[in-house]
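Spelled out, the chains give:
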Amino acid sequence: MITPKDRLINALNGESVDRPPCICPGGMMNMITAEIMHQLGNQWPEAHQNPQAMAGLALGVHRLSGIENLGVPFCMTVEAEAMGAKVNLGNMVTEPRVIDYPLSQMQDWSSLPDFNPETGRMGMVSAAVNILAENRFGLPVIANLTGPISLATSLIEPMTFFKAMGKQAQDVHAFLSFITNNLLVYGKALLKAGAQVITIADPSATGEILGPRRFSEFALPYLNLLLEGLKDDSEASMVHICGQLHSIFPELNQLKTGAISIDSATSVAKLKTALFDKIIVGNVSTQLLQNGQPLQIKASALNCLNKGATVLSPACGISTLTPLSNLKAMVDAVHEFNYQNSGERGND
Amino acid sequence: MIKNEEILSRLAAGVREMDEELAVKASHEALDNKMEAVTAINLGLVVGMNQAGELYEQEEYFVPELLLCSDAMYAGLNVLSPHVERIAGEDRYKVVIGVVEGDTHDIGKNLVKLMLEVANFDIYDLGRDVPPASFIRKAKEINADIICLSTLMSTTMDKMGEVIDLLSQEGLRERVIVMVGGGPISQAFADRIGADGYSENAIAAVKTAQRLMSEKKAAV
Chain A
1 MITPKDRLIN ALNGESVDRP PCICPGGMMN MITAEIMHQL GNQWPEAHQN
51 PQAMAGLALG VHRLSGIENL GVPFCMTVEA EAMGAKVNLG NMVTEPRVID
101 YPLSQMQDWS SLPDFNPETG RMGMVSAAVN ILAENRFGLP VIANLTGPIS
151 LATSLIEPMT FFKAMGKQAQ DVHAFLSFIT NNLLVYGKAL LKAGAQVITI
201 ADPSATGEIL GPRRFSEFAL PYLNLLLEGL KDDSEASMVH ICGQLHSIFP
251 ELNQLKTGAI SIDSATSVAK LKTALFDKII VGNVSTQLLQ NGQPLQIKAS
301 ALNCLNKGAT VLSPACGIST LTPLSNLKAM VDAVHEFNYQ NSGERGND
Chain B
1 MIKNEEILSR LAAGVREMDE ELAVKASHEA LDNKMEAVTA INLGLVVGMN
51 QAGELYEQEE YFVPELLLCS DAMYAGLNVL SPHVERIAGE DRYKVVIGVV
101 EGDTHDIGKN LVKLMLEVAN FDIYDLGRDV PPASFIRKAK EINADIICLS
151 TLMSTTMDKM GEVIDLLSQE GLRERVIVMV GGGPISQAFA DRIGADGYSE
201 NAIAAVKTAQ RLMSEKKAAV
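So the protein sequences, as listed, match chains A and B. Take 1 as the starting number for the first sequence in my numbering and just add one per residue. Take 1 as the starting number for the second sequence in my numbering and just add one per residue.
Hint data in this document are derived by calculation from the structure and do not stem from the laboratory. We put the beta carbon where it would ideally sit given N, CA and C, even for glycine. Among these hints, one or two may not hold up.
Stated by the list, open to error - Listed next, the stretches of chain A that the computed footprint assigns to chain B, with coverage defined by at least 3 CB atoms under 8 Å from CB atoms of chain B:
1) 89-103
2) 210-221
3) 231-242
4) 316-324
Okay, chain B solo, but in the shape it has when bound (with noise of 0.2 Å):
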């Protein structure tokens, strides 16, 4: 019989090096084990997508790879998501994600998406070209703890700042974390416009979200 650890490097490496048919094999291998399913896919296959962010983080993988690995993530997923017992009242926080209006490069926005949701966070995608009241109509609806606005063009980053005084006027911008990135983004223009956070890429967006709601909560 195969070891847990060896199923759980397995997991890691069919994310890692975009082999989806390992992964699901390796999904396999980890339930007919009697591994639990929610060990297989936070000690198993998030640590292998963790790993590829790091690769893309060096610049050993790009977009394309960070994509691929994504891909082989979800097809072990799907065979270890319908084992997991769902844990009643789990804390998870809301994040309320978006191209603003004006553009639609998104590819950056579904990768900042794709990384929080590894790092379990519940993400309502509200996509792409979108104006500043869809934001802040959402974030009420689901009592958002984040809201992560992103765009490529230059043209269209000052839709941000709507966002953030479309917040201040609802009285809802002590209670949101607002976070931006995005091509022409700066830690300046983020400073500028009064947003919590910046991160020059995906991987980062993750660690910022974790550190600004956890000073939030030590803060209340």
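In isolation and in its complexed conformation, chain A is listed as follows (with noise of 0.2 Å):
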């Protein structure tokens, strides 16, 4: 029997698998329901900041709902209080957020300082990485890392941020590179800590913002120097963007990683004919996963693999009043997929 860590491993580097893994990666794409936390009786925001509690919400989540993954953190904050933003980290329905910026110049960049992969909420990270990674069900850990791009508007005031590529281009650039590099200590860390899978969410990098010139400039090349740097110690990866992504279908393939994971703003098939080889993660859509009955939720979520996503995963962060029998609909897809495509395909 194929472990679901095989599964997802082969699935994201293109390989034929027996049927679609179905994940939550974690981080940005948060996989932690505020039933999942009750039952479990461990919860945000304590959760956050104890290694222990973390993993058990992480495996939890696969107990529970059958979710085929771990991952931690529950949220993109790590990495912008390790260089100094201040953090809220919320309640047991609303995630961690940053509610001050350290930089109000991009020319101050330089003051900022470096990770420290040991200590704080990163070591916690890897500590829970190290846990999970002992698991005894076979099951992928994903390690998440927040974008490049992402974490600068996490460090500094978007808005600055965004002019500064037209007024402050190399500052820009010298300020991304050092993200880039603390980036690459992180990540190494965590896949040292025993996760095998990346997963690069940098939602502020989407094309409906930056247009394809910027992405190509200054998203792009970083995320691509992210990816080659962790490539050799990872054993897959993939990059989530979020938004209308259509501008920016070109410099998608581009990218040097083996999948990309959408959110429901773009379409599986519009994107499945623009990319050249990589595979789609995506992409059911958080909302109807809130509100959405378990059939509707199934319905979808077959709909999207029979679009062309390779891997399913919800669109996005779920939020944490999703039905635990909501996802394990999701998660139901894939199995019936699989029986599908062995011969009762039906009509589509």
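Reconstruct the complex from the two isolated chains, following the hints.
In structure tokens form, the structure reads like this:
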């Protein structure tokens, strides 16, 4: 029997698999719900600062919903905090968020501290990965990184940052290099702790905000530096970008990863025709997951797979108010899809 | 002497081409030429900003370009504004705007704010991560015409419904127009939570705000 880990890694690397995996990576793409926290008696915000609790929640998601991966952390504030951003850890239903930027002017970036992956919440995430890597279920452990542009806009007011792309391009490049080098250090630490798959979530690097020219100049090179730098220590990677991506479809082909994860603003079918050899991870609507009925969700998940998603996942972080029954319905789809594929495909 | 039309087109070009220096220079030229500051603003700078908005809608421009255009516009406004004579009792609609609680992504909100300002709306920006009650408090305080709610995260969009429910509880729902927008928001979602308007982007938001206000005025 193929393990969930091998299935995911093969799928992300474009190799054939017996059926699609169903994952929730973690990080920006949170998979923890209030129902799961209640059942496990293990809650946010405390779990964001406790490796055992963090690992416990990740394992609980698998046990209760059947989601086929483990992943930490459950937000995208760990890196920003390590560079001096002020973070509100939220509460049981609200994710941690950056509430104060350490930088007010682009040219001051060199005053930011380097990451120390052994200390603070970075150390806790590493420790959680370490625990998860010992899992007896053959589950892949995903290390979640915040992408360079998204980390940059967690350290300085985004309007200032985007304007600096026009007025202080050199400073922006120096800042992004600094960020990328630090992310490499943190990513390597997480892989060393036992993670096998890297997910880089760079929601703010969307074509909708940057457009193709600035995506190529400011997002693509740093994402690729990160992907290349982590390649030897990981078994697979994926990049998640939010929003409407049609303006940067050609540029996505240049990402040095096997898999691209998208939210529901981008159509799987359209992206599929634009990509040469990358696989698509996605993109069950998180709104539907929260408010829909299990049957609708299964139908929508099957539709994602039929349209061309190779790995099934929610389109974005799921709401903590998502019912567990709906997560299970999404997982059901990958089992059913296999059945459909093996003969009774039905009418589509 | 330079003709006024030429100055106006230089003002517009300065903004549209993200050229702060040109916008400032043309603003001084307008004043030197005894052009009314209001004319220079409305038929020059604002025209340029609207052209930038069109380029944004056509996906020639993206967020960084739009922000650089707005910098050029404000550079021109800094020169011209001191020469504007305020008209008493001018009819400007009041808008309370903010990113809902739990979310700190405010790029979209800031773009909407910017374009509404250009369209002469009076903006009260509550910033990001704003609790539902704060929207209501501010709307009451300033007697707002419109509340604009923004979020990028699917995990926080339900806060928009909470704001609308709270407005109803306070008996203000009929008086205040509610507009929603942001990455995960759709017309269907807006309808579901009972919002009055939804817009896909900042340019469309201005049109929606103007349409909803004129509908409301017509109904009174």
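Hint check results:
no. : hint    : in the structure
1   : 89-103  : holds (count 6)
2   : 210-221 : holds (count 3)
3   : 231-242 : violated (count 1)
4   : 316-324 : holds (count 6)
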